[in-house]
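Now for the letters of each chain:
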Amino acid sequence: MQHILRLFILLVGLFAGTGSYAADAAPKLTTPDDLGPQIEQPIEFPHFRHAGDAKDGGMQINCMYCHTYARRSMVAGIPPVQKCIGCHQSIESVRDKPRIQKLFEYWDAKKPIPWKKVHDLPDFVRFNHERHIQRFYFQQDRPYQEVCGYCHGNVKAMTVAQRQKPLTMGWCASCHQKDHPVSANSTETGHGPNDCFTCHK
Amino acid sequence: MTENDFNRRDFLKVLGWGGTAVALSGCGNTSIQDGQETVTSYVTLPSYVIPSISNYFNSTCAQCEAGCNIMGRVREGRVLKAEGNPNSPINRGRMCGLGLSGVQAHYNPDRVRQPLLKGEAIAWDKALGVIADKLNGVKGAEVAFLTGNMSGHVQALLGNYMDELGSKNHFSYEAISPAVLRAANKKAYGVSMPRYRIDKARVVVSFGADFLGAWVSPVHFSQQYAQFRKGNRPEGRGVLVQIEPKMTLTGANADRWIAVRPGSEGVLALGIINALGKAGLAIPADIAAASKAYTTERVSSETDVSAEQIEKLAALLKERTPSLVLAGSAAEGYAHGSQNAAAIALLNRVLGNVGKTVEASASVPFPQIAPTVGNRASLVSLNDGLAAGKYKVVFSYGVNPVFSAPAALKFKDNYAKADFKVAFAQYLDETAQAADLVLPLDSAMEDWATVVPEYMVTPEGAGSAAYAQMSFRQPLMDKLYPDTRGIGDILLALLKQRKADKYKEFDDFYAYLRSAVLKNKVALGGKATDDDDAFWDETLSKGFLPMKGIAGTVSAKASASDLKLPSAAADRDYPLRLIPSISASMRDGRNANEPWLQESPDPLTTIVWDSWVEINPKTAAKLGIVEGDIVEVTSRSGTIRTQAYLFPGIHPDAVSVPVGYGHEAMGRYAKGVGANVFAMLDAVFDKETGELALNETGVKISKTGQRVLIVKEEGPVGGSQAGKKKIAVQVAADKVDLSKEV
Ligand code: SF4
Numbered sequence: 406m407q408h409i410l411r412l413f414i415l416l417v418g419l420f421a422g423t424g425s426y427a428a429d430a431a432p433k434l435t436t437p438d439d440l441g442p443q444i445e446q447p448i449e450f451p452h453f454r455h456a457g458d459a460k461d462g463g464m465q466i467n468c469m470y471c472h473t474y475a476r477r478s479m480v481a482g483i484p485p486v487q488k489c490i491g492c493h494q495s496i497e498s499v500r501d502k503p504r505i506q507k508l509f510e511y512w513d514a515k516k517p518i519p520w521k522k523v524h525d526l527p528d529f530v531r532f533n534h535e536r537h538i539q540r541f542y543f544q545q546d547r548p549y550q551e552v553c554g555y556c557h558g559n560v561k562a563m564t565v566a567q568r569q570k571p572l573t574m575g576w577c578a579s580c581h582q583k584d585h586p587v588s589a590n591s592t593e594t595g596h597g598p599n600d601c602f603t604c605h606k
Numbered sequence: 131m132t133e134n135d136f137n138r139r140d141f142l143k144v145l146g147w148g149g150t151a152v153a154l155s156g157c158g159n160t161s162i163q164d165g166q167e168t169v170t171s172y173v174t175l176p177s178y179v180i181p182s183i184s185n186y187f188n189s190t191c192a193q194c195e196a197g198c199n200i201m202g203r204v205r206e207g208r209v210l211k212a213e214g215n216p217n218s219p220i221n222r223g224r225m226c227g228l229g230l231s232g233v234q235a236h237y238n239p240d241r242v243r244q245p246l247l248k249g250e251a252i253a254w255d256k257a258l259g260v261i262a263d264k265l266n267g268v269k270g271a272e273v274a275f276l277t278g279n280m281s282g283h284v285q286a287l288l289g290n291y292m293d294e295l296g297s298k299n300h301f302s303y304e305a306i307s308p309a310v311l312r313a314a315n316k317k318a319y320g321v322s323m324p325r326y327r328i329d330k331a332r333v334v335v336s337f338g339a340d341f342l343g344a345w346v347s348p349v350h351f352s353q354q355y356a357q358f359r360k361g362n363r364p365e366g367r368g369v370l371v372q373i374e375p376k377m378t379l380t381g382a383n384a385d386r387w388i389a390v391r392p393g394s395e396g397v398l399a400l401g402i403i404n405a406l407g408k409a410g411l412a413i414p415a416d417i418a419a420a421s422k423a424y425t426t427e428r429v430s431s432e433t434d435v436s437a438e439q440i441e442k443l444a445a446l447l448k449e450r451t452p453s454l455v456l457a458g459s460a461a462e463g464y465a466h467g468s469q470n471a472a473a474i475a476l477l478n479r480v481l482g483n484v485g486k487t488v489e490a491s492a493s494v495p496f497p498q499i500a501p502t503v504g505n506r507a508s509l510v511s512l513n514d515g516l517a518a519g520k521y522k523v524v525f526s527y528g529v530n531p532v533f534s535a536p537a538a539l540k541f542k543d544n545y546a547k548a549d550f551k552v553a554f555a556q557y558l559d560e561t562a563q564a565a566d567l568v569l570p571l572d573s574a575m576e577d578w579a580t581v582v583p584e585y586m587v588t589p590e591g592a593g594s595a596a597y598a599q600m601s602f603r604q605p606l607m608d609k610l611y612p613d614t615r616g617i618g619d620i621l622l623a624l625l626k627q628r629k630a631d632k633y634k635e636f637d638d639f640y641a642y643l644r645s646a647v648l649k650n651k652v653a654l655g656g657k658a659t660d661d662d663d664a665f666w667d668e669t670l671s672k673g674f675l676p677m678k679g680i681a682g683t684v685s686a687k688a689s690a691s692d693l694k695l696p697s698a699a700a701d702r703d704y705p706l707r708l709i710p711s712i713s714a715s716m717r718d719g720r721n722a723n724e725p726w727l728q729e730s731p732d733p734l735t736t737i738v739w740d741s742w743v744e745i746n747p748k749t750a751a752k753l754g755i756v757e758g759d760i761v762e763v764t765s766r767s768g769t770i771r772t773q774a775y776l777f778p779g780i781h782p783d784a785v786s787v788p789v790g791y792g793h794e795a796m797g798r799y800a801k802g803v804g805a806n807v808f809a810m811l812d813a814v815f816d817k818e819t820g821e822l823a824l825n826e827t828g829v830k831i832s833k834t835g836q837r838v839l840i841v842k843e844e845g846p847v848g849g850s851q852a853g854k855k856k857i858a859v860q861v862a863a864d865k866v867d868l869s870k871e872v
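Chains as they are written, first to last, in this note's numbering: chain A, 406 to 606; chain B, 131 to 872.
Rather than coming from a laboratory, the hints here were simulated on the basis of the structure.
Careful: at least some of the hints might be erroneous.
As the list claims (entries may be wrong) - Ranges between beta-carbon positions, derived for each pair: (1) B:Glu-250 to A:Trp-576: 53 to 61 Å; (2) B:Val-841 to A:Asp-528: 41 to 49 Å; (3) A:Met-574 to B:Asn-217: 24 to 32 Å; (4) A:Asp-458 to B:Ala-253: 56 to 64 Å.
The beta carbon of each residue, even a glycine, is placed where N, CA and C say it ideally should be.
Next up, chain A with everything else stripped away, as it sits in the complex (with noise of 0.2 Å):
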């Protein structure tokens, strides 16, 4: 009988010691729709005006025009500050408006933006941006927006506030297992790799 109640008192304490971690960490790491919690940026980025449809007022400029390192690189990348500077100086109809003034700030301070990560994956998980998007965009042959929309959503339709997928391991595996065309040209179809070590290595 002793031993049981010695049990339940460290279970007590377990699952206390549990709840009080979950309780610290703010923001929260996990929310019931499992797409992260809404992140605040230092500047609210409108994708939707520069990647939009024309007939929503967009300019449907491609993703890979900004995150230019998508289709070389294991990273999409940001873009650095001067690359919006690069179009925002000539473009005297919004300079007077708060976000843009707060991009100037940041490029007159000669200081990065600090932006804050909305798509984050586990350290022991490797995915190549450079990768999907030969596969996808170049060989197959699909539209861009489609493309990056798998995983980051209808990005041409907000500022990115939060996750869209869950981006857990059953969510690429998902796709993984499905069978798609291997080019744009043919009716021969193909997984994506399954092993663990595409991804954890």
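For this one, chain A is given, so just place chain B with the ligand on it according to the hints.
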């Protein structure tokens, strides 16, 4: 069940439930930390940067004197790894483990980060002001500057500074240096460091030169050795014979390893010459006369090498030409070290190797940047000066004599006699700790320098004998700490203190270096019409420049005229000979604070993170010592305690302890690990060069009664075959016919 009966099974149950609890709380969710990290973008991006993709920048390794050319792998502004520069004639794309650990010297958490005046952090301006103050009214002759090996433009600046001070006291000291060899070579061949062509030889006989491990330019020699071992080269596969009292890495790779009684290497060399004569080789008269007395029987009894073995060696050398005979550190470290080296050099003359496998080397056209090579004689003369109170202000850079001077010199006490001591240091090592002012240095991955290695390679092709090389060290990343400075920048600041006008055009050392190189564009392989910027950029991206050197010649001058080889006298009180061994990773201990080096197992004993004393199993049996016994190794000058390791690869008359361990300062990974063998060396010097005789210390060993389990990679099974019975040997090692062996 005990009273407190919380048993293992219950505990596992709890753990099981606990695990469930954690799994439940994370059900369906990941623990990705969105919004916890920033992903900071560049403000402006250099055109060559692609995030996540590495760039390679050429530079020069600073971990030993060989000066290999390296490429630093740099990602997002951080250096991650060093690799060999494939175009380098020295290392052709390869590196050694010591070189690879250079990134640990850079990221090391124990670096000095601010100028320290008697332990208190101060600003740079103040630090430089203090130096100016202390130099005020001090005569040039009272200032001493101690450095390790040096070359290139930092040396040129130092030369200028010493001139400004009116001081000639630049001492250059290396704890481990082939200084005796240099002197002997100068006499025997006319150059102090000829090019050894292992790759051209058909047989190499090395008297303790650990050229695959820690001798002169190991990565370069390893590649020559790879050539040497190829069966399909015209000369056939080469045979390596290593003669030394304690097995080195090279010895372990040799076809034949011969244990020689410590100190008798020269005698053996003369014995081989004698045997060569008997076997019918024409020997010059003077050498024949000198070696006449060294009959095989006598040599055999003095050296412990069997008569049969000596004759076999002679037969092998006679049959296979060209050969190459090397004299390494094991043969040098005696009071008669020069004589040993001279006797060994005679072999090369007798065998006609000079000019074939012992080649001429070019000398550097600019004396200010030519390498100054350190030796221990220099330390002794500094030490004498300090003891006599001659020096008031002492600078030190790149050396740690308080740690590595032999105990008998009492260097630490003498160093304390100087009024003001300035140490330029990357770590608070023993010397920096004993200094008054410590100035923090950039790491080699943050600093600018040019390096002219002493052992310069002669590439194949026309005019190559006149080739010398200047290597560039460029920063692989930004400084980790804002308050460290490069030695070049510090020297420039000190020069400006005295001659502001002369140096005002140079904002920093980089500007000085660039202008100095561009001024000599033509001598450095460029054309006068080359654009300065283009030439400079191209140079840096190549990483090194060929310099038109001054061609040298070698001559077979080795003479036997004043050869005097004493026979070893037994020391009753200290019967064993201590051989401080130089390992490829630890060397003189300056890199001891790099954990990779501490934990990469010694190649022969596989011991990690500690010192040990190697004892021949026969000797150990006599003394009643088993592996792991903590023993006291005592000499006339000191005592160390360390674990005993029984090692058949050592002569029964000798014991060996690796150098470089046993730091009392320097950092968390070096401090207190192992024992410092320098702290027990007798002050015995080579009679000709004044070099410290590293192997001349006699010791005795006593058990302390304590025993430990040695931490090593080698397992208990199959680790040592010594003492095992019932092993059926097919051919006994001394019955193999080496001359037939390929
Ligand atoms: S031998 Fe090794 S430590 Fe020495 S310079 Fe070459 S790579 Fe560096």
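Hint by hint, here is what the structure shows:
no., hint, in the structure
1, B:Glu-250 to A:Trp-576: 53 to 61 Å, "57 Å, holds"
2, B:Val-841 to A:Asp-528: 41 to 49 Å, "30 Å, violated"
3, A:Met-574 to B:Asn-217: 24 to 32 Å, "44 Å, violated"
4, A:Asp-458 to B:Ala-253: 56 to 64 Å, "59 Å, holds"
Violated hints, in rising order: 2, 3; the structure is consistent with all others.
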